[in-house]
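Working from the sequences, and respecting the hints, build out all of it.
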Amino acid sequence: MGAILQEYEARLRALREVTLREPSLDEVLFDGFDAWERLLTFKLAPRLAGEGCLIVAVAGGTNTGKSTVFNALLGRAISPVSPYGAYTRRTLVAANAFRKSQCLEPGKLLPDPFIPRPWNGVDPSDVNSETTPAMTVFVALHDALPDRMAVLDTPDIDSVVTTNWELAKTIREAGDILVAVLTAQKYADKCVVDFFRQALRDGRLVVPVINLVEDTAQGREVARRQVSDFVEHMLADTSDSLDAAARQAVRDGPVFVLNARSQVELGNERRANSGVLPCPAALDDERATLMSYLASVDAVAIKNKILADSLKHFAERGAAFLERADGVHAAVRTCIRRIEEMAHAAATRYEPRPGREVVTVVYDFIQQHGRWPDRMLGAVTAQVLKIPGRLIKGFRGILTLVPKLNLGTSGPYSENQFGAEHRRKIEEIVHALYGDGLSAAKALRAQSPEAAKVLEEGLTRLDPTSVATAIAEETLNTAAYIGPYRTYAFQELESRWGDRAFRWKVRIFYDLGLLGSWAGVLVLLWVKGWAPGLPLSEILASFSVPVAQHAVTHGAMYLWGDKLAGLIDRWQTVQRAALEQAILTRLAYPALGTLRDVNAAFEEHLNRIKELNGQCQECSSAKS
Amino acid sequence: MQLGEIIERLNQFASEDAAWGPLAGALPDLRRRIEWLRGQYERIPSPLVVLLFGGTGTGKSTLLNALAGAPIAETGEMRPTTGKPTVYQPPGIPEEFGPAAYIEDARLDNLILIDTPDTDSVRTEHSEMVVSLLTRADVVIFCGTQQKYANEKSIALLRPIMNERKIVLVQTHADANPDIQDDWKARMIEEGFEIERAFRVSALEAFEAKTQRRPEGAFAAEFAVLDEYIKRKLPPVRRSVKEQNLSGAVMNTVDALTRSLEGKRSALEALNDRLAKIEAEIAQRCFEQLQRQVLDEPHVWVVALAEAVSERAFGLIGALFRLLHGLRMLPSRITRTLSPAGLLRKNRDSNLFPAGPAPFRSGETREIGCCPYFSAASFSGEHAEAAAHLAREGFEMSPLDQWEKDFVEEMDGHLARYLEPARRRLTRSAKVLTRWTLPAFELLWLGPFLFTAGFPIYRYYAGLVRHMEVVLPEASFLSRSLGMLACIVFIELLLYSCLVRWTGRALRRRAMRYLQRGFETSGFGFAAARFEVERALGKVAELERVREAIES
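Each protein sequence line maps, in turn, to chains A and B. Under our numbering, the residues of the first sequence are numbered 1 to 624, in order. Under our numbering, the residues of the second sequence are numbered 1001 to 1552, in order.
Where hints are given, some of them may not hold.
Said to hold, decoys possible - Here are the simulated DSSO-like pairs of lysine-lysine, each with C-alpha atoms no more than 30 Å apart in a straight line:
id : chain 1 : residue 1 : chain 2 : residue 2
1  : B       : K1153     : A       : K169
2  : A       : K442      : B       : K1264
3  : A       : K386      : A       : K528
4  : B       : K1185     : A       : K169
5  : B       : K1185     : A       : K190
6  : B       : K1210     : B       : K1233
7  : A       : K108      : A       : K303
8  : A       : K425      : B       : K1405
9  : B       : K1084     : A       : K190
10 : B       : K1153     : A       : K190
11 : A       : K453      : B       : K1264
12 : B       : K1405     : A       : K442
13 : A       : K442      : B       : K1277
14 : A       : K453      : B       : K1539
15 : A       : K425      : B       : K1277
16 : B       : K1539     : A       : K442
Simulated from the structure, these hints should not be mistaken for lab results.
Take a look at the structure:
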């Protein structure tokens, strides 16, 4: 059991460490589960062995006289008191010599996070000092206490000093018996009632003590009625964790009516922090009964009950927590997936085209790998292919009156042009993705406002322009974009060149088709004879056919040549993968920020925590 | 500035809808708040509302009873006692505080005392009731005891309305507890509240003394001061109390608004700069492209001018010019007609200066003359960049196609502004060249012609020659003078052509200058976005001004 809880705690702590980096997410995940987490840290994990020592914690609202009751219980003025509210800010524990030495050993009797310090020799104002570390526990020696009991004085649970609340809550988890110090004014306060209700749920024994009661029969009567009112308030909404018998036991529990006034008020200020407390006679009886009641409680049974109840409560709450964690995890995962999908979609939109480079690649390849007929054919076609371009160029040179047709393709297609064009494309894709990401974050708000906020903030932190530039740089990381394409195209051609059908396809598509019509024209002319009688119009007309065919083929090759031969696919895949990678590392991951860590932590721990929680559940049902 | 004016200014500030996310997000709250401010402003002359406020068991009801001198509110020892507010008000006032016990008393002068339920008990609906009552309160009498003065729950309710209500601290149960007024006051001031007065009374003692159940106790004098303070001192100064509350509220409102918007100013300015930069980039690219395709081709202008001139030309030089022009244009006409572009072109007559509608259309490339040029889609990269930056700062802008439409419209406008005057100038130049310059040229060859033709006739009539045979000049004279004439005509034609050519080039330079100047100073589809950014900046500045007005 101990090992399970230890692992549970370790994993929970690891999870929390990650989520704490994103406070809003942490809040939605752990909101309402602080007590549950504290239960693990302060009670279950370290105290499982069961020391047989009851921790009695005196708790209550500010200025109800907790410290005074604490002093009254011990019969000695140990804890300093003040008429002003929220005076006690740090915890004080009284124990006998044996238990004191245990207390001073961290993790032995008091859970690890507490820092024990011996009380003697300490300036009493340290209890009230904010500079003392919050988790400090001052350990005072009180020999009159039995071995089986240590008494704690705690800060308040309702004042403006909210750090006191936190401290009181940790003490609540660490304690076994809670002495609830009430007054006529405070027994129905929400803070107070909620505080003790939680303690009841966790299986603690709550002993209501009403203080500052008028010492008359009527006063006592009213006080008892008020306490029963308090008990009812406290028992409201606890049916889920307490059965009817337990609720009845709480109702039937003893009630103590005190009128413990501080020494200050009793005019004994000088002896405030030392010596024996002068106790009013009427109060002394009640005090003695309270002490004897506390002493009579069966420590082992209480301990076991608390452990079983705590475990049960813990496992139940754990299940609720895991359900919520599942929700958060799902939201975070959706968020990440959505962004990754968008990055992928954006990368798919990118269509890198090598342009007319594809034509030269095929002829270059044929020159290198083809046999002599292919090489010859290829060389001739390459030259023939250039004829229309040259004609147009020459024509244009003569007729300067025709404005230049700037189709953006007729000039030599340089690496620079290629790079600039693709850079613009990539930047546009990234900018559009950035805007889409923001709107996706807005759409995610409905599902998980926190995750959406993290994403939105992450995106806002990034400067779209610089990110786009960086991504373009990274994708086109080399000056030679066409170089890699040629390599891939060559590989592709090589792998398919052995295929006869492919070879013929290339021959027909790239060479024979073009040369065929020229040959046809030549044959036609040869048949008709180079006679001077041959009309010029006929010669021109027969030439126009291959010229038109060249124009069409040239255009088709430029537009679809790469696709037809399937030469571009691998290159495109590689380019797209590079772009996707760049988008992920430069845009998506920085924007997602901690969400990814949180997701990783969830993936790592959540399932194991579920298992552990299941084991806890089994354990607690076995115990009860 | 008066409070009312400031509230109206705030109202004006909030009345316009905003496309800027942070401001749009703050607007609904702000409007509700202004509504409340106006209500409070209108209530300035009405009676002062004093709220008895505090945790359960602090003796609010008892204090009200003691102030009224009669058991009008229920008191008791079981907590929480009061579940419904008790409104103690002068007669003849409407019941404005919802479900409550209304008790009228003619002794009250311009004062409404309200006993509220508690702030901290297990009955959470009580504190909700208190919150709603607090919206109407002018003065909050914060009741506390030694046990309850530092309660987080009560102070948490007051924190959001810090400096918007006058707060008076009253330590009750004075007879049972030591004095904690100083500590209380110090804590409240530390929290940021302004505390003017604090009292320490025993309400129960005072109530019982008033109802003659027991003699006056030790705290009677202090209670009398409190009683006097609430009933006599506060109502006459209610205007100033309420005004002070209101100005605190206005200040808080503006502060909250400033907090949420202030940090964005530099970001907005950066965005504005960025948009300007993107726009300048687009302008530069448009201009470069236009220059490359239209303006850098002087012959286009020369041809256009020559066309216009030859339409109007007359006389010998004019006829020769037309002939020459036709000859020069012949190959280009042929290629134009035979070229694929010429064959495919729908409107064959379109030239550099179409008189028709705007030349830009979204998504397609239309041509001016034979120059293909950019489309709106070629700037989608820049638009996407601008959209990304706008979205980053929280502007909810129109989608991209709207931008493209805007861009096309604005570009159309620019080109119309450039093309129209250019066409007009071209026509004007053509007119000048034909009406004024051409006659001079015609006269220049007419003189020698007349001389050549007239000299033999003059000689005959002057009797210098007698016989008709000799009237005709010698062949040498005729050929020489006709040769001279041809030379003169040739030179004139050359000069005239050069003049036309030179004018065409000058026209081009001028048009280019105008266009460049126009592009430098105009927008390209960003008008709406920049307007919104400017408006957001204006709002931030306006807020600053309101703030200054309040402070002064």
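Hint check:
In summary, the hint linking B/K1153 to A/K169 is supported, as the alpha carbons are separated by about 17 Å, within the 30 Å threshold. With a C-alpha separation of about 20 Å, the suggested pair A/K442 and B/K1264 falls inside the 30 Å cut-off, and the hint holds. Only pairs whose Cα atoms come within 30 Å are accepted, and A/K386 paired with A/K528 is accepted, the gap being roughly 28 Å. At roughly 28 Å between alpha-carbon atoms, B/K1185 and A/K169 fall within 30 Å of each other, so this suggested pair holds.
The straight-line distance between the Cα atoms of B/K1185 and A/K190 is roughly 25 Å, inside the 30 Å bound, and the hint therefore holds. For the suggested pair B/K1210 and B/K1233, the alpha carbons sit about 21 Å apart, so the restraint of at most 30 Å is met. As the CA atoms of A/K108 and A/K303 are separated by approximately 16 Å, the hinted pair is consistent with the 30 Å bound. A distance of roughly 21 Å separates the Cα atoms of A/K425 and B/K1405; the hinted pair therefore holds under the 30 Å criterion.
Taking the CA atoms of B/K1084 and A/K190, the gap is near 18 Å; set against the 30 Å cutoff, the hint holds. Pair hint B/K1153 plus A/K190 holds up; C-alpha atoms about 9 Å apart against a cutoff of 30 Å. Restraint check: the Cα-Cα separation between A/K453 and B/K1264 comes to about 18 Å, which is no more than 30 Å; the hinted pair holds. Pair hint B/K1405 plus A/K442 holds up; C-alpha atoms about 26 Å apart against a cutoff of 30 Å.
Our distance criterion of 30 Å between C-alpha atoms is met by A/K442 and B/K1277, whose separation comes to about 28 Å. Straight-line distance between C-alpha atoms of A/K453 and B/K1539 comes to about 25 Å, which keeps the hinted pair within the 30 Å bound. The suggested pairing of A/K425 with B/K1277 holds, with an alpha-carbon distance near 19 Å, which does not exceed 30 Å. As the CA atoms of B/K1539 and A/K442 are separated by approximately 24 Å, the hinted pair is consistent with the 30 Å bound.
The earlier numbered hints are all upheld by this structure, with none contradicted.
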